[in-house]
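Novice: In terms of my numbering, the numbers along the sequence shown are unbroken and rise by one, the last being 417.
Please note that the accuracy of each hint is not assured.
[Stated by the list, open to error] With a straight-line cut-off of 30 Å between C-alpha atoms, the simulated DSS-like cross-links for lysine-lysine are:
1) K96 with K76
2) K229 with K55
3) K239 with K96
4) K229 with K176
5) K94 with K278
6) K76 with K229
7) K239 with K94
8) K347 with K229
9) K89 with K245
10) K245 with K94
11) K176 with K76
12) K229 with K32
13) K229 with K239
14) K239 with K347
15) K32 with K166
16) K278 with K96
17) K176 with K208
18) K76 with K190
19) K176 with K190
20) K89 with K239
21) K166 with K176
22) K55 with K89
23) K347 with K32
24) K37 with K347
Source of the hints: derived by calculation from the structure; they are not laboratory data.
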Amino acid sequence: MTYNIDDKGYYGKFGGAFIPEMLHANVEELKQQYISIMNEPSFQADFQNLLKDYVGRPTPLYFAKRLSEKYKAKIYLKREDLCHTGAHKVNNTIGQILMAQRLGKTRIIAETGAGQHGVATATVCALMGMECIVYMGAVDIKRQAPNVMRMKMLGAEVRPAESGSKTLKDATNEAIRDWISNPKETHYIIGSVVGPHPYPDMVAKFQSVISEEIKWQLQEKENTPNPDYVFACVGGGSNAAGAFYHYLDEPNVKLISVEAAGMGINSGESAATSVLGTLGIIHGSKTLLMQTEDGQIIEPYSISAGLDYPGIGPMHAHLIDSKRAQTFSVTDQEALDAALDLSRIEGIIPALETAHALHALSLIDFEPNDIVVLNLSGRGDKDLQTYISNYDL
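Using the sequences provided together with the hints, build the complete structure.
Specialist: The structure is reproduced here in structure tokens:
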């Protein structure tokens, strides 16, 4: 059994492309060309050069000595927080802006929750001199103000989504409406492994540089390319897809995905899709999502703007359904405490998204020689106000 996508755009029973007729030509064009464009030597040369000289890759694989002592295992942090713009998101936006250029697109739209994808999109649009419009939930605009300012500084127009819960789901809805209205000149840079095929696979491939580096970095440090565990937080799931990618078909590597339980799984204020989700269609893809019996989306909640999505990428739905990945649901308070803990014992302030994965380290009984890699997907600058207000710092 393989856990990669099949030639019809499915991971097991999850995936596909469920789209309005107006977008069919765009998605079909992308589907027909993305693999061949990605395999062009000139594309790969441009992509790799920008990852190296602009993004700052490879990112370090850092042995966290005090964290390892606490959890009695060998814990490594993959430092995606050290990428240019402060998170893994830029790996994908670099790839997609190069893709958009080769497809002859002149206008870029994106959605964002925590703002890191919006910043990464605005960054590459500034780099390439392209028009950039970022849709962001009105609630997220308030709680992620530093990233909104960064997007505007980079020349992007930030458009608020005022419908629904005014968060990531609603920003995505607005971006899709824009794309339907402006299909010919517009490329939609989706920020996670969600949406219609080929987006989940394309984003995963661009993010797979993370696990590609982990393999050779671990070989250097531990004389093996394979850890015992890989941990990553999951909203839509792009950082986890990148960290898991080269280990999907390595059964001895345990994949641990960590989602947001919010105020508690059964509190009515949660984003625990693995527990609360059922099969359905959201944003062009068949996957697990939180919905009522008659198919209406249940509004998710998390203190983390990057994890309050009512669904999950189809790759992750398949990993959960097939039991290839083990999933933990972590509450707001548990994530906050884990973030403060890492800050105090390793001198690294993580993003709230990553903090959920950090708490999950306490939920497994490791063996002393276990090699654990946790993908530190972003830095905590954007979340400082939340940390300060919760701890009265």
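Novice: Please list, smallest to largest, the hint numbers that this structure does not respect.
Specialist: 1, 15, 18, 22
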